[in-house]
Structures are given as C-alpha cells and as structure tokens.
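Colleague: Required output: the full structure, derived from the provided sequences and hints.
Counting with the working numbering, you get residues 838 to 1308 for the letters of the sequence shown.
The set of hints was computed from the structure by calculation and includes no laboratory data.
Glycine included, C-beta positions come from ideal geometry on N, C-alpha and C.
Treat the hints with care, as some may be off.
Said to hold, decoys possible - What follows is a set of in silico ranges between Cβ atoms, one per label pair, in the way DEER data are often shown:
1. G1044 to R1268: 49 to 57 Å
2. R946 to D1120: 42 to 50 Å
3. P943 to Q888: 28 to 36 Å
4. R1268 to K1138: 50 to 58 Å
5. R878 to Q1274: 35 to 43 Å
6. L846 to W1191: 53 to 61 Å
7. G1226 to L1251: 41 to 49 Å
8. R959 to N1084: 26 to 34 Å
9. R1266 to Q888: 54 to 62 Å
To be verified - Taking lysine-lysine pairs in the PhoX-like style, the calculated list, with each CA pair at most 20 Å apart, reads:
10. K927 to K1039
11. K895 to K884
12. K927 to K996
13. K1168 to K1157
14. K884 to K945
15. K996 to K1039
16. K945 to K895
17. K936 to K996
18. K884 to K847
19. K936 to K884
20. K1039 to K1157
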Amino acid sequence: MLEWYQERLKESRSRLLQGSADSYHSNLLLINYAAQQHDIRTLRRLKPAAQIWSQRWKHEMGSSETRANLGGTALLSEKIDGILFVLAAKQGNWQVMLKLATSRHPRKRWTPQMCLAMLRSRGALDMITRIQHHLTPSKLGSSDNDNDDTPEHNDVVAKQILWSMFLREFWQYWQKPKLTSSNISKPLPSWITAALLDLYSKSGKVGPTLDLAWSYIQLHENKGRSSNRSQARILRNGSSRLLTSPNSLIPGPRILYYILKAVKLQEDSNAVLQAFAALTHTDLRPQGELNLAHPLFRQNKYIFEPDNNIILLVMDAMVKAETHSKDLPDKLLSFLRSVDRSWGSWRARMDPSWHPMFLDLRPIQRLLDLCLEMDAYRIVRQVLRFQQGLFRRELKWHTTPHKKRLWRQGLNELTMLREWTDTLAALRRRRWIIDDQAQSLYHMASQLAQLYRYCQPVRRSSRQFRRKQLE
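Modeller: This is the structure:
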C-alpha cells in the first residue's frame, strides 16, 4: 500500500500545480493501518514524511494551545513515536523504548499511550516495587549504569534506566497523591490519575490508593451538578475515553477495581470480600470487620457499581481463601446471587427504573470449571438454573424499550461464547447435562452475544419474541 501511494505521488508531481497530492490525512491513514498490522518497518519508512507534516502543522497552527483550540490532532511524528514505543513494549525491546524516550523533550516525553505501555509491560510490578523500596528521589537514575548519553546495550540496564526515568519524572505525583484536591488551580488529568491508581494497586499500597480515589471523587463531585447531599451517590459505569477526551472521567467500577486489587495484594483474601460489600452495599455478610479506617468506608457517601472484572477478582480471592473447602461452590453461587439481587437483572425485575449490571458468561464459567475440578455434581444443576434465569431476564430487558444506554460488559462476546461452548462440552462428556440442555444454553448465549456485538437492542413484542424462540 505504501509503495502504491508513493508511485501515485510521483505521478501527481508532474500533473498538479501545487506539486504533489500528498496530504496529512493520507499519511495518518497509512500510520493507523500500519499500527493495526504491527508493521514496524512501514512505520519507520513513514517517519520522514510524518516529520515534514508535523513541521507544516506547527507552522500553520502556531502554538500547542492554538492547535488545541482549533481542534488539531496529535502531530504525526509524535504519533509514530508513541506507536513504536507501544509495539516495542509489547515485544519487550527495552533498548528501543529507551532510545525513543530519550529522543523526546522531558516535558513532552510521556504521552498517555507510553505511560500505559510502561504499566502493561512485562515485570512492571517487580520494577515498581524494587525501585520504590530501594531508591530515593535523589538516587533515582543516578546509578553507575545510568548514563543517558551512552546507555549500555543491555536490555536489563536499559529497563532499569527507563523505569528510573519514568518514576523520577512522576515522583512528585507519586509522593503527593492528593494533588487532585480542590486546593490547586489545575488538577491532574484523568489519565494520569488512572495511571497512578494502577501503580498504587500493583504495588499493594492501599492507603495512597484510597487517598487518591477519595480526593478525585470529591473534586469531580464539587464540579458536577448539585444533588441531594443526604443521599449516597452511585458511581456507575460509563465510557472511559481517558486518552482521547481530556474531560472524560474515570468510571466507578474502574476505581473500585484499583482499590480491591490493592487490598488483595496487601490484606488477606477475606478483606477483599469485606471491602467489596462495604463499597458496593451488597448484602454478603462477610466474616469479621474491615480494618481499613478511611472516610471512603466510614462516611458511606459513595456507592460503587461493580462490573464483571471486579466479580472475577472477588471470586479469585474467595477461592484463594478457601481452596480446600467443600462448600466453596455453594459460597460462590451465593455470592453471585447476592450481586444479581443488588445490581443485576433481578434488581431490574423488581425495580423497572433500575439500570442493571448484567453478569456475563465469565463468572458462571469460572464457577462451572471449579465444579468440574472439585467433582461437585450436586451444585451444577443449581448453577445452570441460575444461569438460565439470567439469560431470560437479560433477553427480556433487551426486547423491551429502555431509554438508558447499556454498556458492554465483555470485550469480545464471541470469544466468551467459544469458551462457554467448551465448558458445556466438558459437562456433556461427564454426562452432567444432556444435549438438549446444552443446546438451549448455547442458543440463549449466542442470542446475547449477537445483541452485544452489534450494540443494538432488539425491540419486539413478547408474542414476537416467543414466536422467534419457537422458530
């Protein structure tokens, strides 16, 4: 494609008065396509043209503030550097990552994509904990091997230098988690707050995670619309375009996930269930009392809506706490029923105005896999009956008109459907279910997968829906 485009450019230079048919958007299209294909060679070939268009863009638009006011996008050269950094992080090529980071100006070095690539790289938790525990702000990046001019050609040294540089330049945010409070004129962007919450949760720092989440929620509550202060505010799910939209907020389930992840690393497994019950107001009745004395738990001003990733995290904590317990499948099923009564389709059935949080296939599949592992045949029938009720209520919610938008719970519904098929096949091999039951469960799951895939609620009458089921 790039060679074809370059040939057309050569032809246009002899035909057009302006000299060439090259354009900013054509190069942007090629860059995006090469990024989707992970084509590093093509991205490097596009870099000279991107630098030319970046210089033209700067000259035409002026300062960065003017470009932002006029709706200007990111410079092509910066975009290519960010894409190459992300691809190098996925491959674990720390020398290329260090070269790209040191070639940029320190004030514009860390873009949101580069920060997320650092946090999602291999061994991120080990590097964070080792550097934070053994190095001080003055010692970060001052070791014998830390020489930004001539770095050693060694991935281990390059990794150490890059992480030291990353944490050194974010050290003020790391040490002062209350920078998002209302006493400063310009709060941190939401993507930086989310990155810091991720850092705290991966390091198991419960206190800084709670402080940062508390100050962030209070700041945006004061800026939001006025509400009844006597009632608890529900922090619901929503779109989280933190990288592209500067005014986008962190959804409630994402903040709750960071908190529970930090609690899971530092406290025992029962503390995760206690924190989940306290922050979501779910009737679980866990054993013991929560030892975290924080306003987020004491004041009960905010209620967090959970999502399926949080439910899986709590289920993993329960499995870790009671590995050898024979009652573990019963407790997990009771936990899922409590979540459905408080937040899911059962709550929507009792309260028509409620916006439900639907349980997807992953929690039920995790429970069925545990039943297969523990040979717990007696609980499988109850689990499948509960799953059939979830299917029916969710399909009914889709087939009736609702004004509120439904957020997708799974990243890839068809992948979950294939895994669900494997679980049903394992149950059939054990002869725990018959073929008709497996086909019925697969049919309802495939209907929901198609609904979520196209994101268009089906609105039929109940008679048409029953006729469609019979067909």
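Colleague: A separate judgement is required for each hint: does it hold in the structure or not?
Modeller: Hints and how they fare:
no. : hint                       : in the structure
1   : G1044 to R1268: 49 to 57 Å : holds, 52 Å
2   : R946 to D1120: 42 to 50 Å  : holds, 48 Å
3   : P943 to Q888: 28 to 36 Å   : violated, 20 Å
4   : R1268 to K1138: 50 to 58 Å : holds, 52 Å
5   : R878 to Q1274: 35 to 43 Å  : violated, 52 Å
6   : L846 to W1191: 53 to 61 Å  : holds, 57 Å
7   : G1226 to L1251: 41 to 49 Å : violated, 23 Å
8   : R959 to N1084: 26 to 34 Å  : holds, 33 Å
9   : R1266 to Q888: 54 to 62 Å  : holds, 59 Å
10  : K927 to K1039              : holds, 19 Å
11  : K895 to K884               : holds, 16 Å
12  : K927 to K996               : holds, 14 Å
13  : K1168 to K1157             : holds, 13 Å
14  : K884 to K945               : holds, 18 Å
15  : K996 to K1039              : holds, 18 Å
16  : K945 to K895               : holds, 15 Å
17  : K936 to K996               : holds, 11 Å
18  : K884 to K847               : holds, 18 Å
19  : K936 to K884               : holds, 15 Å
20  : K1039 to K1157             : holds, 18 Å
Of the numbered hints listed earlier, those contradicted by the structure are 3, 5, 7.
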